[in-house]
Every structure is written in structure tokens, then in C-alpha cells.
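Protein chains in written order, with my numbering: chain W, 30 to 488; chain F, 372 to 605.
Don't take every hint at face value.
Distance condition first, Cα-Cα at most 20 Å in a straight line; then the derived SDA-like pairs of lysine to any residue [what the hints assert, rightly or not]:
(1) W:LYS350 with F:LEU520
(2) F:LYS402 with F:GLY559
(3) W:LYS145 with W:ALA278
(4) F:LYS507 with F:GLY559
(5) W:LYS122 with W:LYS364
(6) W:LYS362 with F:GLU486
(7) W:LYS34 with F:ALA499
(8) W:LYS364 with F:GLY453
(9) W:LYS364 with F:GLN460
(10) W:LYS361 with F:GLN460
(11) W:LYS346 with F:GLN468
(12) W:LYS402 with W:ILE308
(13) W:LYS361 with F:GLU486
(14) W:LYS362 with F:LEU454
(15) W:LYS361 with F:ALA499
(16) W:LYS122 with W:LEU274
(17) W:LYS113 with W:VAL291
(18) W:LYS350 with F:GLY455
(19) W:LYS316 with W:HIS409
(20) W:LYS285 with W:ALA307
(21) W:LYS187 with W:LYS198
(22) W:LYS364 with F:GLY559
Hints are computed from structural coordinates only; laboratory data are not their basis.
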Amino acid sequence: MNFVKRAGFSLWSRKGRTLITLATFLVISVMVLAGVLINDATAQAEQDAKRSVGAEVNLEADLSQLGGGSELRAPRIDTATVDKAGALPQVRKYTYSMWDRVLLKGGAELVDGGPKDPMGPGGTVGMGVLDTSLLPDFRSGKFTLLSGEHLTAADKDKKRVLIEERLAKKNKLNVGDTITLTGNDEKATADFTVAAVYRDPSPVTEPDGEYGISPANMLYGTVGGLSALSSERNGPLEAGRATFLLQDADMQGAFKDEVKKVAGSALDGFKLDANDKAIRQMTGPLKSISTTATLAMWLMALAGAAVLTLLVNLAVKQRRKEYGVLLAMGEKKSKLIAQQALEIVVVAALAIGLSSLFAPQLTQSAGQALLGKEATSAQHKIDSWQDPPSGSTGLGEGIDPNDKPVEDADPIDKITVRLDPADLATLGAIGLGIGLLATAIPAGAVLRLNPRTILTKGK
Amino acid sequence: MTSATAAPPVLRLAGVSHTYSGQRRRTTVLKDIDYAFERGTLYTILGPSGSGKTTLLSLASGLDTPTSGTVSFEGQDLAELGLGRYRNQHAATIFQQYNLLTYMTALQNVTCAMEITGTKPTTGSRKARALHLLEKIGLDRAMTTRNVLQLSGGQQQRVAIARALACDVDILFADEPTGNLDEDTAQGIIDTFRELAHEQDKCVVVVTHSQQLAAQSDRILTLRKGKLTEQVKA
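Construct the complete structure from the given sequences, taking the supplied hints into account.
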């Protein structure tokens, strides 16, 4: 092991060169570590963003696939297929829904004051839902359950409904009472038990965005119960939309792939949407600084590696006589390379150790400053959005409706830099790789010669 | 020119030639040299500058390989024995240019060589043996812990000699070992070489211009026009 001792003597004796190599390595280490840390921090923030948006995938009609023609029909999917997708391991909970026009019978009346008969006289929307607690408006807190219980999968084939507070009041209905409904063609009629009364804060006059009815008149019923009102239905239950809540936001990709396998052609006309737009809006600044940091990291690492290679190359050439002397004494070439490598490893380890002491703080400050600028710029863009004038698609004004910002998805403006052993391992691997490569090439070239040539060349 | 003994000579050069290839021409510096070196003998090799003395020393000490012919140690071709092994266990060289490890002290240079060759003193530590040798060849104790670059040329030469002596080898090669030494110190080195040869049964081969050294050697060889001849001592 005398090469270890020699390496120690060499490093100590050549303090100037050791310090220059250490400084070069330190710059490389700090830059590479900063890049690694920013990438880690942005990945973590992105992950948190996905979690905050929710690990949710929606199966809904893909309007771009509907095409033209006179027969514009919304696609439907067999609920058995949706159940298969819901049974996939990535899924925590799921629900699906379909809707049809229903009419109130038995003396019950709709709430007045809203839009004028968008579903025809006495008609409203009956939304069949597997699990009403998973409806977005309930999950977001917009709707509040005032009394009773949500509809669940266990109620699927029962005849139960959730009614809005104002409809309940008008018809003096409470939980446990019954309401008579008939289907669109009025051929089938059934009594439904009021399972719960909920509150939608939207005014009566504000039509529902999708169906145009008064929000007070919306009925949420069991899928089996409402489907039974349709005389057209003679096959399996079908849904028009489904929502899957996943175990983890990271599973979205895998889940989508699995659903495509499970459902196959049943997905025709549908799309699987994972709130990508909200995530993109939140993580846009993160991606920007991550890209900048990665680019800076590699540029500095390459430049540093080039300088380091030059330094080591010069050092090896200056040490050729030393190699010749040691070889003349019968020292093994492998031990000479080991000595040179050890010297680099010691300097690299010292540089990595030093960089790990202050790089995290440095990265936090620099990363936060960069992110702050990006986030402010992104937020400004969101705040300055203006909807197209009423009745206009916006295209004439140069406004693309697809660019409309998503609500409650502010760009992320904070990152937390943390140093973990994996980061140090990455840095160590890159640093040692650069150092050893920088050493091995020139050392290998010198050691191919015999000792006499090394000692006499150039004399 | 070979000695007639039952055991093989410690070092034999057989048909050794060496040629340097330049950009335009090839120069043959050694031509078909046959010679056997024996233990217990101090050899000096004389010859004009450029006669190939250093080349001969390099081939004999295993630092280089001849263009043709063989060099063998105790009957074994160095190519078979391995040049590295030969240099490590059987031969040591004192270079004209000292060739010390410049990032070490005088003492470290000597102990480092002992570690590389695996030399273990019969009594005491490597450091004690190294200090003894350095003092024996006239290096003050205070000098031994100085970096060799802080020593004069003569002092560096003494360190180089001590380094070679410290390794317990069969053959010691030296290239102008007394060139930078005063007369008294040079005589001390010559005495040490004679002691090594005669009392420790080593083979000592010295390339020199020094008539003082040649006169005290057992055999004088002359290299001229690539040929090695032995002078008959008066």
C-alpha cells in the first residue's frame, strides 16, 4: 500500500497544484450539485402540485372525435367496462354517470324563475350517478349535503335520488319521502326515495352550464333507477362519463395505459383527461428553471471537466519522470495509476464534501430567485386573461379559448432544496468519472513507454 | 570473455545489439556484445561520450530491451523473468541525473525504494536503515528530512546512491555516480562499492569517466564503436 503513502506525500508537497485542482473540482461540484438539487426540488414541487390538483382521471366524450353530420350523439360506454377500469390497482375510488330527461309526476313541481323549459315543459335532468360523493361539486365543497346520505355503489339498482334544497322546499320533501319520476317518453314511471337533500349556492336564474336548466331542478339518482325509466334501454347499463381517483398522482400514466388495454375499442369517442392543463399551469415556472438549471449544470460540468482534464494532463506530463523513476525501481504500473487516481479521488472527495456544506443554501437562494421571477411572470399572464366578449368565440379577437387559465391552479412560486444521499452519490459518480477519465488517458499514454524512454525522452 | 565457473554468471549479455531509429537514419550503438558479469566483482565501463555506455547500462539493468540478442540474469532471459520483476528484486540503478522523487525528503526517497522493492532490513526498521545509509555516505542527519530539491547536486547524488544501496539487490548499476562529488566523498563511495562487491558478493557495474574509480575496480571494460572489450589491468 505504499502508493497510498506516496499519494499523501505528493498531495501535501504539491500544495499549490492540489489547491488549484481542489478549486476547479469545487466549482464543478457546486454547479453540478446545484443542478441536481434544483432538479430534485422542482420534481418534488411538481409532484406536490399533482397531488394538490388531485390524482384524478376523467373519462369523458372527446368532442374532437364526434365529427359532423346530422346524427350528433354523445358516446356511451358499458358500465361493466368502467367497473373493470375501476377495479385496476391504481384506483382508490371511482364513479360514473349518465343523464336523461325526466319529468316530475304525482303533483311534484319544478322550481320556477329559472331558464324557460330548456328540457321541455315539466322536464329536467336526471343524472344517474354511481357515487354522488365523488361528484366534483361535492368534492370541491361547492355543494353541501344538508341531510341524508350520498348515493353509493350499493344503491346502484335501488330507486333513490338527491334533490336540491329549493326543490325539496317547494314540494315539502324530506329525506325518506318519495318523488314520482317518469322517463323522457313518459312510458315508464317509478317512485324514488329522497336519499339526501343538498345545497347548490348558484341562483335559480343562473342556468346550469352544461344542460341549461335551473340548478335548483337538478336531480341526482341511482344509475339503475333512472335507467329503468328509459324505454329505449334494452341492453346493459351505459355511462356517459366516469371519474377515477387514483392512489397516487404518479400513477396517471400507468393507469391510462391499463385502461386502454382493459377497455379497448369501448373507449372510441372518449378521452382520458388527467387535469393536465392545471398541472401545466402550476408547474410551468418549475419546468423553466429546471431546464435552465440542467443546461447550466451540464455546461459548467463540461467546461470544468475540460479545465480539469487540462490540469491533470499537464500534471501527468510533468510527472513522467517520476513514473520513470518508480518503474525503474520495479513499481507496478497498476500502482502508479492507483496512486494518481487516489490523488484525484482525495481531492474530489474533499471538493464534494465542501460543496455539500454550502451548495444547498446557495441553490435555495438562487433557485428561489429564479423561480420567483418565472412565477411572477406566469401569474401576470394568468391575471391579464380576458374572456372573449359575450356571444363571441374569441377567435376573431385573437383569443384562443383553450388558453383560458384554470382556476385555483396558481403557478408554484416556492421550492425547498434538500440534500439527500442520492444527490451526493450522483455528484460523486459524475465527479469521480470526470477525474478518473482525466487521469487515465494521459497516464495510460505515458505508462505505455518503457522506463528508459520516459526518463530520457526530451533530454 | 566469459568467466569459467560452474554456476551461471549473475548477468550475461549474449549477442546484444541496439539500434536507434531516427527520422532519417538508424544508428547502431551496440554491436553483438557478449559478456558475462560475475558476483563479487566491481566493474567499470569506460568509453568516450556517445559510445553507448548509458545504453549498455539501460539494457543490462532492464530499463530497456535490446534490438537483438539476450540479457539474462543467473541463466534466465530477462524477457522470461520479466523486466519489472528483475528491476524490483535483482537490480538497482544509480542514475547520472539522480532521478529522485522530488516531492519527498531524502529519507522518504530511500524508504520509498525499500517499500517498493520489499526490502526488509535484518535488524531495525526501514527508517533506521535508511538513516544509517544516508549518514554513511556523508549526508548530515538534518538534511535527511529536507525535500530533495532543497539539497545541492552532490547531496542529491548521495541520496540517489543511498537509495540504490538500501535495496538488497544482486546487481548494482551506476552511471557516473561520483561525477558531482568531492574527492573524499567519491572515495567513500568507491569504498562502499568495493565493500558491496567483495564482502557482500554483489556485482557492481559502474559507467564512469573517473580514472580514480577505474583504477580501484576489479575489471575495466571499454566501449568503443559499439564493441565491448576488457582491459588487462597492470
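Going down the list of hints, with the structure as the test:
1. W:LYS350 with F:LEU520: holds, 15 Å
2. F:LYS402 with F:GLY559: Violated: F:LYS402 and F:GLY559 sit about 35 Å apart, past 20 Å.
3. W:LYS145 with W:ALA278: violated, 42 Å
4. F:LYS507 with F:GLY559: holds, 9 Å
5. W:LYS122 with W:LYS364: With a Cα-Cα distance of about 63 Å, the restraint between W:LYS122 and W:LYS364 is violated, given a limit of 20 Å.
6. W:LYS362 with F:GLU486: holds, 15 Å
7. W:LYS34 with F:ALA499: The hint holds at about 18 Å.
8. W:LYS364 with F:GLY453: holds, 17 Å
9. W:LYS364 with F:GLN460: It holds: about 17 Å lies between the C-alpha atoms, which stays within 20 Å.
10. W:LYS361 with F:GLN460: holds, 12 Å
11. W:LYS346 with F:GLN468: holds, 18 Å
12. W:LYS402 with W:ILE308: holds, 19 Å
13. W:LYS361 with F:GLU486: With Cα atoms ~12 Å apart, W:LYS361 and F:GLU486 stay inside 20 Å; holds.
14. W:LYS362 with F:LEU454: holds, 12 Å
15. W:LYS361 with F:ALA499: violated, 26 Å
16. W:LYS122 with W:LEU274: With a Cα-Cα distance of about 5 Å, the restraint between W:LYS122 and W:LEU274 holds, given a limit of 20 Å.
17. W:LYS113 with W:VAL291: holds, 7 Å
18. W:LYS350 with F:GLY455: holds, 17 Å
19. W:LYS316 with W:HIS409: Roughly 17 Å separates the two Cα atoms, so the pair holds.
20. W:LYS285 with W:ALA307: holds, 18 Å
21. W:LYS187 with W:LYS198: With Cα atoms ~24 Å apart, W:LYS187 and W:LYS198 exceed 20 Å; violated.
22. W:LYS364 with F:GLY559: The hint is violated at about 36 Å.
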